[in-house]
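First to last, the protein sequences are chains Z and R. Position 357, counted from 1, in the first sequence is what my numbering calls 357; the numbers after and before it change by one each time, with no gaps. Position 90, counted from 1, in the second sequence is what my numbering calls 90; the numbers after and before it change by one each time, with no gaps.
Derived from the structure by calculation, the hints contain no laboratory data. We put the CB at the ideal spot given by N, CA and C, even for glycine. Certain hints may be false.
[What the hints assert, rightly or not] A partial selection of chain Z residues facing chain R, derived with a Cβ cut-off under 10 Å:
| # | residue |
| --- | --- |
| 1 | Gly64 |
| 2 | Pro69 |
| 3 | Gly127 |
| 4 | Asp133 |
| 5 | Phe138 |
| 6 | Val204 |
[Claimed, not checked] Pairs of lysine to aspartate or glutamate, EDC-like flavour, derived with a Cα cap of 16 Å:
| # | chain 1 | residue 1 | chain 2 | residue 2 |
| --- | --- | --- | --- | --- |
| 7 | R | Lys80 | R | Glu24 |
| 8 | R | Lys275 | R | Asp288 |
| 9 | R | Lys107 | Z | Asp203 |
| 10 | R | Lys275 | Z | Glu5 |
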Amino acid sequence: MTFMEHLPALQVVVPMLSAPLIVLLQPRGLAWAGATAAGLASFAIAIALAMAVLDGQTQVYAMGGWAAPYGIALEVDAFSALVLLLVTGAGAAALLAARVSVDRQIEPERQPLFYAAWLLGLAGLAGIVVSADAFNIFVFMEISSLASYILIAGGPDRRALPAVFKYLIMGTIGATFYLIGVGLIYMMTGTLNLADMQARIGDVVALNPILVAAGFITIGLALKAAVFPLHVWLPNAYTHAPHMVTVFLAACATKVALYVLIRFDSMVFQDRLSDHEFQFTLFALPLAVLGILVASSVAMFEGHLKRLLATSSVAQIGYILLGASFVSEAGITASAMHMFNHALAKGGLFLAVACLAFHFRDLRLSELGGAARRMPLTCAALVVCGLSLIGVPGTAGFISKWLLITAALESGLWGWSLVAVILVSSLMAVVYIWRIVEALYFQQASAEGDTSFAEAPLQLLLVTWAVALLNIFFGLFPHLPLALANGSAALLVGGAP
Amino acid sequence: MIYVFALFLLTLLVITAVAIVRTENLFVAVMLTSIFSLLMAANFFILDAADVALTEAAVGAGVTTVIFLSALALTGDWEKPRPGGRTVALGTVGVLAMLLIYASFDKPRLGDPEAPVHQHVAPWYLEKTPEYMDIPNVVTAILSSFRGYDTLGEVFVVFAACIGVLFILGVKPARQTAAAPQPVSGLRHHLIPQVVGRLLVPFIVLFGLYVQFHGEYGPGGGFQAGAIIATGVILYALLEGEAEALRAVPRSVLLALVVGGALLYGAVGVVCMLKGGAFLDYSVLAADPVFGQQLGILVIEAGVGMAVCGALLSIFHAFAARESMT
Chain Z
1 MTFMEHLPAL QVVVPMLSAP LIVLLQPRGL AWAGATAAGL ASFAIAIALA MAVLDGQTQV
61 YAMGGWAAPY GIALEVDAFS ALVLLLVTGA GAAALLAARV SVDRQIEPER QPLFYAAWLL
121 GLAGLAGIVV SADAFNIFVF MEISSLASYI LIAGGPDRRA LPAVFKYLIM GTIGATFYLI
181 GVGLIYMMTG TLNLADMQAR IGDVVALNPI LVAAGFITIG LALKAAVFPL HVWLPNAYTH
241 APHMVTVFLA ACATKVALYV LIRFDSMVFQ DRLSDHEFQF TLFALPLAVL GILVASSVAM
301 FEGHLKRLLA TSSVAQIGYI LLGASFVSEA GITASAMHMF NHALAKGGLF LAVACLAFHF
361 RDLRLSELGG AARRMPLTCA ALVVCGLSLI GVPGTAGFIS KWLLITAALE SGLWGWSLVA
421 VILVSSLMAV VYIWRIVEAL YFQQASAEGD TSFAEAPLQL LLVTWAVALL NIFFGLFPHL
481 PLALANGSAA LLVGGAP
Chain R
1 MIYVFALFLL TLLVITAVAI VRTENLFVAV MLTSIFSLLM AANFFILDAA DVALTEAAVG
61 AGVTTVIFLS ALALTGDWEK PRPGGRTVAL GTVGVLAMLL IYASFDKPRL GDPEAPVHQH
121 VAPWYLEKTP EYMDIPNVVT AILSSFRGYD TLGEVFVVFA ACIGVLFILG VKPARQTAAA
181 PQPVSGLRHH LIPQVVGRLL VPFIVLFGLY VQFHGEYGPG GGFQAGAIIA TGVILYALLE
241 GEAEALRAVP RSVLLALVVG GALLYGAVGV VCMLKGGAFL DYSVLAADPV FGQQLGILVI
301 EAGVGMAVCG ALLSIFHAFA ARESMT
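Take these sequences, add in the hints, and give me the full structure.
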């Protein structure tokens with residue numbers, strides 16, 4: 001086999017096998033360097049895979065040389081390539097920027113374990129995305145969840161512990177639900193491979209277990225993805241996590257669960273169960289709309305910068321689900337694009353938060369007065385990413401909101417009211433981003449505070465600005481993610497065999 | 001007859017589960033979970049899943065009970081009464097139970113040879129295992145070769161759990177504990193458990209090694225063996241005190257076992273790649289593909305055993321060290 005053919009396996013194996021090696025690298029600089037090298041390598045692999053997919057090849061890899069359904073298959077198509085890009089990109093960018101921030105938050109002797117957990121998280125998420133096997137997805141879901149519990153609990157903030165305990169309980173329930181569903185499907189079809197499931201589920205006569213399985217899998221993954229109203233674990237977990245961990249997880253963790261939800265539902269259930277598309281819309285659409293409106297309004301009144309952004313993530317997950325709930329090509333395209341663009345915007349925002357945290361111990365909005373004078377570059381980057389989150393033309397966020405509105409109009413009678421929802425929630429986003437801008441630029445600095453110029457360390461600042469500029473770049477030239485998103489939509493909705 | 005016995009065990013299982021939920025004494029709850037696991041292991045055995053039964057007995061009934069108890073030593077024995085009651089939780093569980101019962105109406109009969117699970121991939125495994133691997137235990141063949149990538153994933157789940165506990169409990173290197181005067185701990189003053197326990201430990205470890213290397217022929221394999229050997233060492237620690245156990249198997253050795261085991265498994269996969277096969281395709285390891293498969297299975301099972309044993313013991317010691325700090 002050639003090197004190129006091994007890429008889907010290497011995407012998972014490189015970060016996964018680097019993790020035990022990192023544990024052994026005791027001087028802390030070395031642990032960071034090793035982890036970053038592994039992160040960059042997996043990003044490079046993801047780019048190579050995306051290029052291959054754009055050339056029109058779907059990469060299939062038979063693990064252990066055993067062809068599916070007897071062995072486990074990996075498969076990289078347009079949808080997985082897009083999500084891989086954002087997972088490994090977020091992982092690599094956050095690692096590149098992480099060193100100074102992590103040095104302040106994690107004791108040196110614990111750092112090798114921290115970076116090892118980070119790589120396991122990366123490997124777990126990548127493993128979920130490339131896998132074409134329902135049980136294998138569960139295994140890697142376990143790896144990524146365990147790693148994210150470790151990462152969130154790792155910081156100096158003791159409030160992270162109750163938050164992570166809640167996340168652990170809810171995450172475990174979600175994973176168990178998924179497993180129950182997969183078990184029921186296995187009982188009725190005798191296979192774990194997704195494509196094989198799709199083929200065999202049509203022959204099943206007795207449908208009770210399949211219907212229950214669809215319910216368990218959808219709810220379980222919705223829990224993992226923090227779909228409203230199953231999102232209660234998310235705001236506190238992201239708020240109290242170490243800053244760089246928030247960057248990594250907020251950019252990609254919940255999106256991977258949504259990716260599995262969309263893929264599983266459209267591949268296995270929608271083709272084969274009568275009325276399932278309608279039922280899926282009936283389930284997902286109200287939750288998406290409620291999530292968008294409720295989370296956006298909560299964010300408008302939130303006083304803590306990190307929790308505000310975390311709450312806004314719940315609303316953004318609503319947008320992604322809204323696109324998927326149309327079960328149309330335009331809808332899936334919008335969903336996939338919004339995954340990508342939201343990762344860029346929210347990743348950039350949390351990177352800027354990590355910069356601010358260098359000089360502002362307390363991240364409540366009321367304490368951030370005078371930040372623009374002390375850290376002008378950080379605040380400017382934050383504003384750029386904030387504009388992208390709102391969806392201002394010229395930024396990446398605009399593209400996906402535009403696609404979402406187009407998809408909503410195509411969806412039929414209720415289209416106009418959904419457009420209204422999107423517009424109203426965008427106005428709400430203007431309000432909460434404006435509150436941040438007001439705090440940073442126009443609020444009086446507290447009397448005893450230092451007002452001298454003090455930017456964040458260069459390494460962190462450079463990565464932050466790179467992400468901010470990418471928000472503009474992909475707003476002006478969205479061809480690459482758009483090609484992949486169109487490919488995913490054609491695959492999931494159009495090209496059903 | 002076997003159905004009557006299974007029904008009896010399942011009834012006990014339900015009673016135990018209700019008791020676990022009802023009791024407010026956490027010590028009692030831990031003991032009951034141990035009994036729950038033992039009953040579960042017996043159930044697996046009746047269903048002819050001997051491999052799973054072994055794991056459940058060693059990990060569920062053995063190691064986790066000890067770890068729960070060490071955690072209890074850090075907290076307290078009694079559950080804090082929560083305001084609000086449990087009606088919501090009870091309602092959710094009731095709805096879920098009803099859904100699962102609804103699903104089971106269309107379930108194929110237990111042991112039905114026409115059931116989909118027995119028609120599709122399973123016959124292929126039964127037919128091809130002698131041809132490709134020439135080992136009698138098809139379960140081992142599936143776990144370590146046909147679906148070896150899943151098992152690699154599980155090893156990394158164990159690895160993640162281990163580094164998670166070490167990271168969050170923040171166990172410092174052994175310097176401080178060595179310097180402090182050691183109070184006599186363990187069961188040294190209880191003659192009978194000590195004598196009996198000492199007799200048992202070597203046999204437990206020997207049995208673990210048997211399960212490790214006999215996994216291709218009978219029930220067992222690396223996961224069960226690692227758990228059994230860890231149980232033996234934990235028994236030694238309970239009898240002689242934790243410090244004594246650490247002297248026999250130091251922390252650095254445990255970490256090396258975890259890291260080494262995970263890397264060994266992964267390295268086999270990488271070697272397969274370098275030799276021109278797919279990741280974890282053991283056939284390319286030797287000139288004769290059947291021997292290659294056997295060799296690969298043997299080495300990765302060793303990796304699994306090392307990682308599981310090291311991880312369980314590291315987690316146990318992390319809790320015990322936390323205890324001696326307070």
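Status of the hints after comparison with the structure:
no. : hint                : verdict
1   : Gly64               : holds (4 Å)
2   : Pro69               : holds (6 Å)
3   : Gly127              : holds (7 Å)
4   : Asp133              : holds (8 Å)
5   : Phe138              : holds (9 Å)
6   : Val204              : holds (8 Å)
7   : R:Lys80 x R:Glu24   : holds (8 Å)
8   : R:Lys275 x R:Asp288 : holds (14 Å)
9   : R:Lys107 x Z:Asp203 : holds (15 Å)
10  : R:Lys275 x Z:Glu5   : holds (14 Å)
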